[in-house]
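Make the full structure from the sequences, and use the hints.
These protein sequence lines are chains A and B, in that order. Each residue of the first sequence is one higher than the one before, counting from 1 in the working numbering. Each residue of the second sequence is one higher than the one before, counting from 1 in the working numbering.
Hints listed in this document are in silico derivations from the structure and should not be mistaken for laboratory results. Honestly, I wouldn't trust all of these hints.
[To be verified] Below, a sample of chain B positions facing chain A; criterion: calculated Cβ distance under 7 Å:
#: 1; residue: 167
#: 2; residue: 207
#: 3; residue: 209
#: 4; residue: 213
[As the list claims (entries may be wrong)] Across the chosen pairs, the derived CB separations fall in these ranges:
#: 5; chain 1: B; residue 1: 185; chain 2: A; residue 2: 6; range: 21 to 29 Å
#: 6; chain 1: A; residue 1: 26; chain 2: B; residue 2: 134; range: 40 to 48 Å
#: 7; chain 1: A; residue 1: 6; chain 2: B; residue 2: 28; range: 17 to 25 Å
Yeah, the Cβ is synthetic: ideal placement off N, Cα and C, and Gly gets one too.
Below, each chain spelled out in residue letters.
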Amino acid sequence: MLENVVGGKIVNISSICGLTNHFGYTPYGISKTGVIEFTKHVSKKYDGKVIFISVAPGSVATQMGTRHFGGDISGTSALTYHVAIPEETAAVVCFLAGEAGNYLNGQTVVASAAERV
Amino acid sequence: MNVIHRLLKRFRSPNPIVDKDVYSNLTLSHSGGTLALSNVLIVSNENLPKDILDEWVRKEEADVSTLNLLDSLDREKILDAGNSLIGPFTHIINILYAEDNNGYLKEDGKYNIDEQMYKIYQWHQEEVDYLVCNGLDATICTVFIDDMTDGHFSIGNNVAMMIRGLAEALANHRIICNGIVADREVSLRLLLDSTAFLSSKYGQIMTGEILRMRK
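Structure below.
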C-alpha cells in the first residue's frame, strides 16, 4: 500500500478472548492479544498512512464455537441472547473498512454483544 | 425445563439466529436496508443541517422525526414528534454536542441541574421508559461530540460507561444500546451514517459498545 502510495486500511480479526480471560482458551487468548497489540504498534509506526484496526468478536457460530457452546446457539452469555453469525462480524469489518475507519486508527472494536466470558 | 430440553437435544433461543425478514435493497444504505420504513427519532441539542438529514433519510428510507432540545425531554415531546407517523418509534438517535455549562456544583454551592451529564441521563431515562412501554425491539444510539477539553473528556467517558450499563439492563427488554464519542473534526454526515449502522440489524453485536472516533 505504501509503495503504491494509495494508503488503505487493514482490519485484523482478534477476539474477545484477547481482552478477557477464558478458561481453556489461554493460548488462543495470548495469540489474539498479540493481534491487538500488533495493531496498536503498527498503527503508530505508519502514523495514519495506512489505517490499522482490530475487531474483537465474541462467540460466533463457527466450527470452533462448537467447542464452547455445543449445539446450543441460544448464546446466553451475550446480551443479544444469540450467538453471532459470521455475516454479522463481516458487516462490522465492512463498516470499519469504510470512511468511519479513518477515525479509528489503532483501536480495537469489540463486537461481542458485551459477552460475559 | 432446560435440562429436559437438553436431554431432548432441543435448544431454545429467545432471538432466532435466522432472520426471515426481507429487507429493502438499498445500495447506499449504511444499515443494509434494515432501517427502511422504520420510525426513527433524532434528538439533538443543536439544529442539525437539513440538507444532511434529508440526504440521510433518502439513503436509509426511514421515517424520521427530529427534536431539538435545550432542556429536559418528556413523554409528550416524544409523542408529539411521532404524531405524523404510523406506529411508535423503534430507533432513537441522540446527537449531543458538548456544552460549556458543566460542573457538578454552581459557584453558590448548589447542584447544577443544567450540567450536561444530568441532561443526558434525563433524556435516556425518558427514552428508555418510552421504548420499554412500547415493548418492541428497539435501539438507542447516542453520539457525543466534544471539543477534546478535560471536562468534555470526562463527560464522554461518563456517557460510555452509562451506555455500557444501560445495554446490560435493556437487553432483557430487547433494546440495543450503543454509541459514539467523536470530536468535531468528524463530519455529521459520517456520524449519521455510523449511527445508521449501529442502529441496524448488523449493529446488534455492538451493543454496549462505544466507538471513539478521533482524528
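Fill in: Violations among the numbered hints
Every hint satisfied by this model.
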